[in-house]
Amino acid sequence: MKRRWLIALVLVLIFALSILLPHFGILNLYLQQVIMYVGINIILTISLNLVNGYMGEFSVGHAGFMAIGAYVSSLLTVLVFPKPWGPFVFPLVLVLGGLAAALAGLIVAFPSFKTRGDYLAIVTLAFNMIIKSVLENIDAIGGPRGFMGMSKLTNVAWVYVWVLITIFAIRNFIFSSYGRGILSIREDEVAAELVSVNTRQAKILAFVISSFFAGIAGGLFAHVLQFINPRSFTILKSTDVLVMVYLGGIGSITGSILGASIYTVLLELLRPLQVWRWVVGPLLLVILMITRPRGIFGLREARVLIPAEEVGADAAATS
Amino acid sequence: MQFIIQQVLNALQLGSVYALIALGYTMVYGILRMINFAHGDIFMVSTYLGFFAASFLLGRALHLPAAFTFVLTLVLAMIGTSLLAVLIERVAYKPLRQAPRISAVITALGVGLVLENTTLATIGPEPRILPQVIPVINLNIAGVAVSSIQIVILVISAIVMFVLDTIVRKTMTGMAMRAISFDKTVVPLMGVPMDRIISITFALGSSMAAIGGVLYGIAYMIDPYMGIRIGWWAFISAVVGGIGNIRGAMVGGYILGFVEIFVAAFFPSTYRDFVVFALLLALLVFKPTGIMGVPVVQQKV
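Protein sequence lines, in the order shown, are assigned to chains A and B.
Residue numbers are given in my numbering: position 117 of the first sequence equals residue 117, and the series is strictly consecutive.
Residue numbers are given in my numbering: position 290 of the second sequence equals residue 290, and the series is strictly consecutive.
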C-alpha cells in the first residue's frame with residue numbers, strides 16, 4: 001500500500017513540473033518539443049508493442065492509424081469547433097480521433113484472421129499505403145499539400161497525461177485475463193485455443209486498443225506540429241515505431257518507454273551530423289540487435305509496473 | 001488496340017524488373033524464413049554500381065563493341081552486389097540465426113536504412129540515368145513504339161529467370177537449397193554445407209537484383225531512395241506469388257507490373273497505390289498464402 005502512494009506522489013509531482021517548468025520558461029521551446037515527441041513516441045511504441053510484442057503478430061502499418069487520429073482530430077478542431085473552444089474540447093477531440101483509428105483497427109483485424117505472420121505484415125502495410133493514398137486524393141482536406149490551421153493545443157502536461165493513461169491502460173490490460181489470452185496467442189495459438197481462449201476476440205481487442213492509442217498519438221502529433229500532410233505518415237514513420245519497439249524489447253512496457261526515449265533523443269543528439277545521422281542511427285540499431293537480439297528490456301518489466309501480488313511469480317516465469 | 005499492346009509491353013518491361021528483385025526476396029525467405037528488407041536497397045546499390053561501371057567503360061573511350069560494354073557492366077554490377085550481399089549476411093544476419101526471427105527482420109530494416117543513407121550522403125540525392133550502354137533504336141511496329149531497351153530487358157530477364165529456375169531444380173546446389181528450405185535442422189547432418197549454401201543463395205538473389213538494377217537504370221531514373229518503393233513492390237510481388245516459391249515470385253512480379261501500368265493508364269496516377277493495395281488485400285482475403293504458396297506450418301516467432 002505504501003508503494004502505491006509513493007508512486008502516485010511522484011507522478012503528481014512530475015505533472016506539476018510539466019506545467020510549471022514550461023510556464024516559467026525554464027524549459028525552452030526546443031526542449032519542450034523534444035519532450036513532447038518523446039511522449040508521443042512512447043504512446044506509439046507501447047501501443048504497437050501490444051500487437052507486435054505481446055500478441056506476437058507483425059504489424060507494420062502503425063502510421064496509418066496515427067494518420068487517421070491526426071486527420072480526424074485536426075478536422076474537428078479546425079472545422080467543427082470554434083477556435084476559442086479549442087483548449088476545452090481538446091481531450092474530446094483526441095478521443096474522437098482515437099475512436100476513428102480504433103474503428104480502422106477493427107476493419108484491419110478482420111482480414112488478419114485469415115493470414116498470419118508475414119502475410120499479416122502485408123495486410124497492415126497495404127492498409128498504411130491505402131490510408132496515405134486516400135488522404136492524398138481527398139482535395140477537401142488539402143490532398144498532398146497537407147492540412148493546417150490547428151492551434152498549438154498540445155503541451156507537455158497533456159502529453160504526460162496521455163502517456164500515463166496509455167501505460168495504465170495497457171498494463172492493466174496485459175495483466176487482466178484477456179491480456180493473458182493475448183500472451184498465450186504469442187506462445188502458441190493452437191494451444192491457446194485449446195484452453196478456450198477466444199483468439200478471434202482477443203485479436204480484435206488487441207488491434208482496437210492498439211490503434212486507439214495510435215490515433216491519440218496522431219492527434220497529439222498534429223497539434224504539436226500544427227501541420228500534417230500524408231507524407232508524415234508513410235511506411236518510414238511506421239518503420240521508426242517498429243524500430244523503437246524492438247530496440248526497447250518486445251513484450252515490455254518499460255522497454256517501450258526506454259526504446260522510444262533513447263531513439264528519439266539519440267536522433268536529436270546526432271542532428272549535428274546532418275545526413276550521416278541517418279547512417280549512424282540505424283548502424284547503432286544493427287549493432288544493438290546483433291548483441292542483444294531481444295532488445296534492451298525484452299520480455300522483462302520494471303517492478304513498478306508489475307502488480308504487487310505477482311512480483312515473485314513473474315520473476316520466476318521470466319528467469 | 002495499339003494502346004493496349006503498348007501498355008502490355010510497358011507492363012512486361014516493368015514486371016520483369018519486379019520479378020527479378022522478387023526472386024531475391026523469395027529465395028532468402030525460402031531458406032532462412034526471413035524477410036530481407038535490405039534487398040530493395042541492395043537493388044538500389046546495384047543500379048549505382050551499374051551507373052559507375054557504365055560511366056567508367058564509356059568514359060575511357062575504349063571503343064569496345066556495344067554488346068561487350070553492356071555485358072561487362074552487368075557482370076561488374078553483379079559481382080559488386082553479390083559481394084555486398086554476402087558481406088551483409090555474414091556480418092549482420094549470421095549472428096542472428098538462432099535469435100527470434102523478428103530480430104533479423106529489424107536488423108535488415110536497419111541495414112537497408114544504412115545503405116540508402118550512405119548512398120545519399122556520399123553520392124547525393126539528384127536522380128540520374130545510366131549512360132547509354134546500349135544504342136537506343138526506336139522501332140514502330142504497326143503503330144506500337146518498341147525500343148531496343150525494351151527488347152533487351154525482356155530477353156535478358158527471360159533468359160536469367162530460366163537459368164535460375166534450372167539451377168534451383170536441376171543442380172546439387174539447388175537441391176541443397178530446397179532441402180534447407182524443407183528442414184533446417186536435419187540437413188546439416190546430411191553433410192550439406194549450410195553456410196556456403198546460404199552465401200550462394202544471397203549471391204544468386206542479389207545478382208538477380210543487380211541484373212534488374214542495371215536494366216531498370218537504362219530505362220528509368222535512379223536515386224538513393226528508389227530502393228524503398230521498388231523493394232516494397234517486389235516484396236509484394238513475392239507475396240502475391242506465394243513467398244518462398246520461385247516461379248510464384250516471377251508470376252507475382254508480372255502481375256504487379258500489369259496492375260501498376262494499367263492502373264496508371266486508365267486512372268489518375270495518384271490512384272495507383274490505392275488500387276494496387278486494394279487488389280492485394282482482396283487477393284490475400286481469398287488466397288491467404290498467395291497464388292502459388294503453400295500454407296506454412298505455424299511457427300513460433
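No wet-lab data here; the hints were simulated from the structure.
Certain hints may be false.
Cβ-Cβ distance ranges computed for the label pairs, FRET-style [said to hold, decoys possible]: (1) Leu-79(A) / Lys-184(B): 51 to 61 angstroms; (2) Leu-106(A) / Ile-4(B): 34 to 44 angstroms; (3) Asn-172(A) / Ala-282(B): 34 to 44 angstroms; (4) Leu-299(A) / Val-186(B): 22 to 32 angstroms; (5) Lys-184(B) / Val-304(A): 53 to 63 angstroms; (6) Pro-307(A) / Gln-98(B): 26 to 36 angstroms; (7) Ile-129(B) / His-23(A): 37 to 47 angstroms.
Among the chain A residues that face chain B by a calculated CB cut under 7 angstroms, a handful are [as the list claims (entries may be wrong)]: (8) Leu-79; (9) Phe-81; (10) Pro-111; (11) Ile-122; (12) Ala-126; (13) Met-129; (14) Ile-130; (15) Ser-133; (16) Thr-199; (17) Thr-239; (18) Tyr-246; (19) Trp-276; (20) Val-279; (21) Leu-283; (22) Leu-285; (23) Pro-293.
C-beta atoms are modelled at their ideal positions from N, C-alpha and C, and glycine is treated no differently.
Taking the hints in turn, this is what the structure says about them:
About 56 angstroms separates the C-beta atoms of Leu-79(A) and Lys-184(B), a value consistent with the hinted range of 51 to 61 angstroms. Remark: the range hint 34 to 44 angstroms for Leu-106(A) to Ile-4(B) is upheld by a beta-carbon distance near 40 angstroms. Restraint check, Asn-172(A) to Ala-282(B): a C-beta distance of roughly 38 angstroms satisfies the suggested window 34 to 44 angstroms. Taking the beta carbon of each, Leu-299(A) and Val-186(B) are about 29 angstroms apart, inside 22 to 32 angstroms as hinted.
Look at Lys-184(B) against Val-304(A): about 41 angstroms separates their beta carbons, and that is not inside 53 to 63 angstroms. Separated by about 33 angstroms at the C-beta atoms, Pro-307(A) and Gln-98(B) satisfy the suggested range of 26 to 36 angstroms. The hint said 37 to 47 angstroms for the Cβ distance between Ile-129(B) and His-23(A), and at roughly 56 angstroms that hint is violated. The beta carbon of Leu-79(A) is not positioned within 7 angstroms of any beta carbon in chain B (closest approach about 23 angstroms), and the interface hint is therefore violated.
Proximity of Phe-81(A) to chain B is violated relative to the hint, the smallest CB-CB distance being about 30 angstroms (cut-off 7 angstroms). Interface restraint check: Pro-111(A) against chain B, minimum CB-CB distance 5 angstroms, threshold 7 angstroms, status holds. With a cut of 7 angstroms, the hint placing Ile-122(A) at the interface with chain B holds, because the nearest CB-to-CB distance is about 5 angstroms. Taking 7 angstroms as the C-beta contact cut-off toward chain B, the hint placing Ala-126(A) at the interface holds, the least distance being around 4 angstroms.
Hint on Met-129(A) holds. Least Cβ distance to chain B is approximately 5 angstroms, under the 7 angstroms limit. With a cut of 7 angstroms, the hint placing Ile-130(A) at the interface with chain B holds, because the nearest CB-to-CB distance is about 5 angstroms. Evaluation of the Ser-133(A) hint against chain B yields a held restraint, the C-beta minimum of about 4 angstroms falling below 7 angstroms. Hint on Thr-199(A) is violated. Least Cβ distance to chain B is approximately 12 angstroms, over the 7 angstroms limit.
Interface restraint check for Thr-239(A): the shortest CB-CB distance to chain B comes to about 6 angstroms, inside 7 angstroms, so the restraint holds. With its C-beta approaching chain B no nearer than about 4 angstroms, Tyr-246(A) sits inside the 7 angstroms limit, and its interface hint holds. Hint status for Trp-276(A) relative to chain B: holds, with the closest Cβ pair at about 6 angstroms, below 7 angstroms. Evaluation of the Val-279(A) hint against chain B yields a held restraint, the C-beta minimum of about 5 angstroms falling below 7 angstroms.
Here the hint on Leu-283(A) is kept, as its CB sits about 5 angstroms from the closest CB of chain B, short of 7 angstroms. With its C-beta approaching chain B no nearer than about 4 angstroms, Leu-285(A) sits inside the 7 angstroms limit, and its interface hint holds. Restraint check, Pro-293(A) versus chain B: the minimum CB separation of about 3 angstroms is within 7 angstroms; hint holds.
Figure legend: structure checked against the earlier numbered hints; hints not met, in rising order: 5, 7, 8, 9, 16.
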